[in-house]
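Heads up: the sequence lines are chains A and B, in that order.
Residues in the first sequence are numbered from 1297 upward in steps of one, following our numbering.
Residues in the second sequence are numbered from 10 upward in steps of one, following our numbering.
Since the hints were derived computationally from the structure, they do not count as laboratory data.
Every value quoted in this text rests on a predicted model; they were computed, and no experiment measured them.
Where hints are given, some of them may not hold.
[What the hints assert, rightly or not] Computed far set for chain B versus chain A, every beta-carbon distance over 10 Å:
hint, residue
1, Q29
2, L55
3, F82
4, Y157
[Unchecked claim] Here are the simulated distance ranges between beta carbons:
hint, chain 1, residue 1, chain 2, residue 2, range
5, B, A373, A, F1437, 40 to 48 Å
6, B, I360, A, V1317, 43 to 51 Å
7, A, L1341, B, P322, 36 to 44 Å
8, A, F1403, B, M354, 45 to 53 Å
9, B, H81, A, V1317, 52 to 60 Å
All residues carry an ideal CB built from backbone N, CA and C; glycine is no exception.
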Amino acid sequence: MLLTFYILGTVSVLSALGVLVCRSPVYSAMSLVCSFFCLGGIYILMNVEFVAVIQILVYAGAILVLFLFVIMLLNIVPTGESVRFNLPVLIAFGIAVGLFAQISGLFLGDIQFGPKDVYTAEAISEEGSIGLIGRLLYGEFVLPFEAISILLLVAVIGAVIIGKRRLN
Amino acid sequence: MDMLDFFPSSILQAADTSWQTVTIAQRASSAFRDHDLSGTIGYLLLGLLFTAGLLTVLGLVLIYAERKLAGHFQCRLGPMRVGWHGILQSAADGLKLLLKEDIVPENADKLLHLGAPVLSLMATVLTLAILPLSPTLQVVDLNIGVIYVTAVTSLGVLAILIAGWSSNNKWSLLGAMRAGAQIISYELSATLSLLVMVLLSGSLQLSEIIQSQSDGWWIWKSHLVGVIAFVTFLISTTAELNRTPFDLPEGESELTGGFHTEYSGLRFAFFFLAEFVNMFVASALIVTLFFGGWMPFYIGGWDGFNSIMGLIPPGIWFAGKSAFFIFLLMWFRWTFPRLRIDQLMSLEWKILLPVGFINIFLAALIVLFEWHF
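Next up, chain A with everything else stripped away, as it sits in the complex (with noise of 0.2 Å):
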């Protein structure tokens, strides 16, 4: 089991560094289906199938099919350009950074790993993964997750907008 979920983590870790090296951007693409797979094999450890096959089916089904489709719409080649340090680019690093040391923070903090309160691995087996899930969801968070689809409407009116104009 732990043996498992060391392979899983190291290919995970190397394929996510394989994003960022990789010249080629299907090759990072890929590396990222990779690194998915692996996540969707620790989830499967954890016994949180629903999550697993979620993960695939959103990330590696949909998601980095459609980065495939614009990298292949678009036709990007590698340039063999190496990143300059302009000011955006060290915002963008500040940022990374912070975020960084926030979540470690976090880990190295008291926080709690594994079931719990309520959610025990047998209320789990019991009523069922999706069952929990769907009742979290829709019962103490649902204004979380409306806000969060209004989000994506907004979003998603924003991009047809921005399409819009640009053909005019």
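Dock chain B against the given chain A, drawing on the hints supplied.
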């Protein structure tokens, strides 16, 4: 309203039989619990061998069936030379593909060109493991079976896109783009119809969906909702399989062979095999969701008839029903002309998707008020 509604429900109620399902994975884990090492390894090997065997047999049989059917639909005989009525034709073809020279284009991306056919076949093989062919003939029975099938088959799109891109050929790339656009679009309505059946049966587990049909198949029990879901699912899986009338991705008059133009030998065989086995997977899903899976055909009250039907083993029922739907898909291919790209897109986004949304709403109402039989 559905015609079936006028029938008294007792006619459609089948004899009550309870089915005990034991999967190969369950046998392996129970052997493991009994510290029976040889049994555990044996069952695991059996699962692997079963999947591999199923893949091979399906490949041989379906390719032969398609060629024979194509022949007879066009008033020809089809393959007749190799073996009795050409029955060994696919084996001979397989041998030929194995021995053929494997040509990789000069400017192709070698690694991805090699990987794409393997990924395509992998996506197919992964689904074979969870198909419930009979109460005892199923490798794993995942409790998220239906989503698993959608997730794994969606990897096939990735394989097609990569195959088209890595070939470094404009026809391949165009074919791959068409295939990708088409599969992503039609996946929506296929998933919506799957969700209707999940709502009705209350489970994502394929064996439980079959068990929920022990008192009548969903196509009879669910009023019009199941029939609409079935028709949408049939159309959208035909599109996802890239078969005529939706075979624009490999329209031979425009694109030579589509995404597999630059493939030859064994790698082409992988794509070919994946396509044919996907056809079986689609038919098996249709049978599982709408037509009772391995359940025999019962008519309520006809005890003599039912006992004769019950004599036929469940595996044969499943194979027979799937064979019928495979025949239907092959029949489509030799009957319908190819759609135009705008017709293809308007069929999905303007007809199938709205119908699917209304249908899932109706299904939710039916389940909420328990209107189904």
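Requested in this report: List in ascending order the numbers of the hints, as given earlier, that are violated by the structure.
Outcome: The structure breaks hints 4 and 5; every other hint is satisfied.
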